[in-house]
Amino acid sequence: MRTLWRHPVVESAVRALARNRLQTLLTMLGITAGVATVLAMMAVGAGAQRAIDQQVRAAGLNQITIRAGNWRPRQEDTGEAIAHQGDARETIRHPLLRSRDVLPIAFHPEDDPMEKHDHPTARQRLGDIEAGLGSAATLSFADAEAIRSLPGVQYVACGIHENARVYYGDRRWFTRMHGTDVELPSIKRAWTFRSGRFFTAREQRAAAQVLVVGQVVADRLFGAGVDPVGREVRVWNQAFEVVGVITSATWVVQPAPGDDQFDAVYMPYTTTHRLLNLSKLNDITVTAASSGHVTALAREITTLLRRRHGIGDAQPDDFTVFTQATRALTTGGLPPSVARAVAGNVAELERVTLQQLAHTLERAGRTMTWLLAGIAAVSLLVGGIGIMNITLLSVTERTREIGLRLAVGARGRDVLYQFLAEATVLSLAGGAAGIVLGIAASVLISRTLQWATIVSPLSIVLACGVAAAVGIFFGWYPARRASRLDPIVALRRE
Amino acid sequence: MISVVDLRKDYRIGDHVVRALGGVTLDIAAGEFVTIVGPSGSGKSTFMHIVGCLDRPTSGEYRLAGRDVSALASDELARVRNETIGFVFQGFNLLPRTTALENVELPLLYTRAGVVRAAARRARAMEALDMVGLTDRAEHHPNQLSGGQQQRVAIARALVNRPAVLLADEPTGNLDTATSHEVMEIFSALRRDHGLTILVITHERDIAAYGTRTIDFRDGLVVADTRHDAHSVAASGR
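Going line by line, the protein sequences match chains P and U. For the first sequence, this note's numbering assigns the number 1 to the initial residue and increments by one for each residue that follows. For the second sequence, this note's numbering assigns the number 1001 to the initial residue and increments by one for each residue that follows.
Hints are computed from structural coordinates only; laboratory data are not their basis. Nothing here was measured: the structure is a model prediction, and the numbers come from that model. In this text, a Cβ means the ideal position worked out from N, Cα and C, and glycines have one as well. Hints should not be assumed to be uniformly reliable.
What follows is a set of in silico ranges between Cβ atoms, one per label pair, in the way DEER data are often shown [claimed, not checked]:
#1 P:Val436 with U:Asp1176: 49 to 57 Å
#2 U:Arg1162 with P:Ile375: 53 to 61 Å
#3 P:Asn20 with U:Ala1113: 44 to 52 Å
#4 U:Asp1010 with P:His7: 56 to 64 Å
#5 U:Arg1112 with P:Arg19: 53 to 61 Å
#6 U:Arg1019 with P:Arg484: 48 to 56 Å
#7 P:Arg484 with U:Pro1096: 53 to 61 Å
#8 U:Gly1014 with P:Val436: 23 to 31 Å
#9 U:His1016 with P:Val436: 55 to 63 Å
#10 P:Leu449 with U:Arg1112: 58 to 66 Å
#11 P:Ile375 with U:Val1115: 49 to 57 Å
#12 U:His1016 with P:Arg493: 18 to 26 Å
To spell it out: a stretch of chain U is covered by chain P in this simulated footprint if at least three of its residues, at any positions, have a beta carbon under 8 Å from a beta carbon of chain P; those stretches are [to be verified]:
#13 1049 to 1062
#14 1074 to 1084
#15 1176 to 1183
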């Protein structure tokens, strides 16, 4: 870079520009405005895009859940007209597997909080047909790893879900226990940590007895407002250290008893494995990198798992792929009977419209970016014409100099490079100022208008590239003209 | 060194064809100091442009240092100008707001091997300035130098790439008499000490007298070719 800067062509370009400071400055201004617009607009566009994306993700639209077994909620009430509304329907259901073929959901016997059991019985464990999980425990870790390596997958978390009593001193609370993965907080975007942290990858590898508790559990066991991080609780007569408390990040979802998220405890699935001697998973949660690709990804996962499980063409899946919308309705805070009713009637419709919403939002974001890019293009065009103008002027003013350079041995292309370098240095200098101005503008926009703006390194690189391209493009014509001058004519010019 | 046979050059201005050179045949040996005289429009400048590889003849043959250069492509002509020829102009043509040293360095930016390294460039430029006795003005800008000094800087620039031929188009046209003679003395010394072949176009007879040979142009033809050394007169025909 230093040598490039010291290169005589660049040096002489800088010197030539320094000779006409005011002109140079005024010309730079055009490019500065253009580049600043590009950057600010990209920042606003990216900010808006991210905001949309975050909302979509917070709504869980990019989530896919794969559950062991092929049971599913009753859907007899779903009219075929609704079921056929969107192609998204195929994502969760194998074509061979019609809704009327599947077993209706059965209550998990352990869902009854009045039942007394402090240690998991065989019936509680996975693979227990009596537990109502349709066929069998079919999902393995290897499945999760295979899904992780699919393109378009963002996060993967495996899950084992049990009910458990958690003891702290003489207090106890019956709640959901999730054996899960370190990536879960990245998936649950609506989570925030009231205190502490999630368990770490190291703890997961070591199958450490650490526990992250939901806010409801924390409040019930330790009392409201008490920070339980560092305290020791007992689950299955094993000591666990509380490392964090999670709560809802949005007002939309309030932690409530029985909600499965905040009335729950979380431990590494490896710990669950070790203590309960399990080797299978209840489910795998996957997020798609882009909310628009959920459909395709769900289909790919289905294909992948069918192949891995050696399922023939005529056989039904031994697992079920859900996208988030149905799952939100059938689990979560709703009482099972209500959830079933809603899922039976609305699930397909709701899911289709949510996906369409995601598409629409993404399309709107793209449209906005293009619009802003158009505005930026116009300002760059104006700046570019300014550069062309001053470079033409420079060529005219320095015709004798060009003649002289040709006379002492410069080739046409040397002269071409010289003026191109001048135009490019000019536009890059303007671009650099524009980047500073653009960042300042973005900050100002986000401060005053409360719009999210993101100035990404890529957009800065792009802005530099655009500035250089404008210089080369608009410098080309005058430089070409200079390089084609007849040295004799050029030398005679006064 | 310079050998032209039946050199012709026509210019087309609108429908008219102007004959600038009407068939010039000349031989200039290495180490000659040739002064070229003649009225305006006699073709002497055109002749010098072709000799200096700034222009190509319409027809005829031109051999420079044994090499046929009349049909070279423009990039090759640029190389010949860079390596073999040094130009000195009436108007000096120094870059403004650029030091004498940097002006002299200019041809070194365009050598066959690419740009000469900064340190070497500086050393060679100082060497050239030394040949014209201006090392103490190296860091001066042209507007801080007298006319004679400016022309000496221009001569140093012409010398920096160690050319075989030095071409000067009315180098004294913008100088007073005393300075003119100083400049001509420099040319004489360069021929004497370094064996350079020198061509100088001039209007003035006393300036022309510095040459070892004077060629008269008129209407695109050589009308007289006079040697001033021992045997003196030798007219080479038309």
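- Message: Does the beta carbon distance between U:His1016 and P:Val436 stay inside 55 to 63 Å, or does it fall outside?
- Response: About 59 Å separates the Cβ atoms of U:His1016 and P:Val436, which means 55 to 63 Å holds.
- Counting residues of the segment 1074 to 1084 of chain U that have a beta-carbon nearer than 8 Å to any beta-carbon of chain P, does the count reach 3? holds (count 7)
- Mind checking the hinted window 23 to 31 Å against the Cβ distance between U:Gly1014 and P:Val436? violated, 55 Å
- Query: Is 48 to 56 Å a correct range for the gap between the Cβ atoms of U:Arg1019 and P:Arg484?
  - Reply: violated, 26 Å
- Are at least 3 residues of the segment 1176 to 1183 of chain U within less than 8 Å of chain P when you compare beta carbons? violated (count 0)
- Beta-carbon spacing of U:Arg1112 to P:Arg19 - inside the hinted bounds 53 to 61 Å or not: Since U:Arg1112 and P:Arg19 have Cβ atoms about 30 Å apart, the given range 53 to 61 Å is violated.
- Okay, U:Arg1162 versus P:Ile375 on CB: inside 53 to 61 Å? This hint holds: roughly 57 Å between Cβ atoms.
- Okay, U:Asp1010 versus P:His7 on CB: inside 56 to 64 Å? violated, 42 Å
- Within 8 Å of chain P's CB atoms, at least three CB atoms from the segment 1049 to 1062 of chain U: coverage verdict: The restraint on the segment 1049 to 1062 of chain U holds, since 4 of its residues have a Cβ under 8 Å from chain P and three suffice.
- Query: Does the Cβ-Cβ separation between P:Val436 and U:Asp1176 fall within 49 to 57 Å?
  - Reply: For U:Asp1176 against P:Val436, whose Cβ atoms are near 54 Å apart, the range 49 to 57 Å holds.
- Message: The hint says 53 to 61 Å between P:Arg484 and U:Pro1096; measuring C-beta to C-beta, is that right?
- Response: violated, 24 Å
- Message: Quick check on a hinted range of 44 to 52 Å for P:Asn20 and U:Ala1113, using CB atoms only.
- Response: About 33 Å separates the Cβ atoms of P:Asn20 and U:Ala1113, which means 44 to 52 Å is violated.
Violated hints for the displayed structure, listed by number in ascending order: 3, 4, 5, 6, 7, 8, 11, 15.
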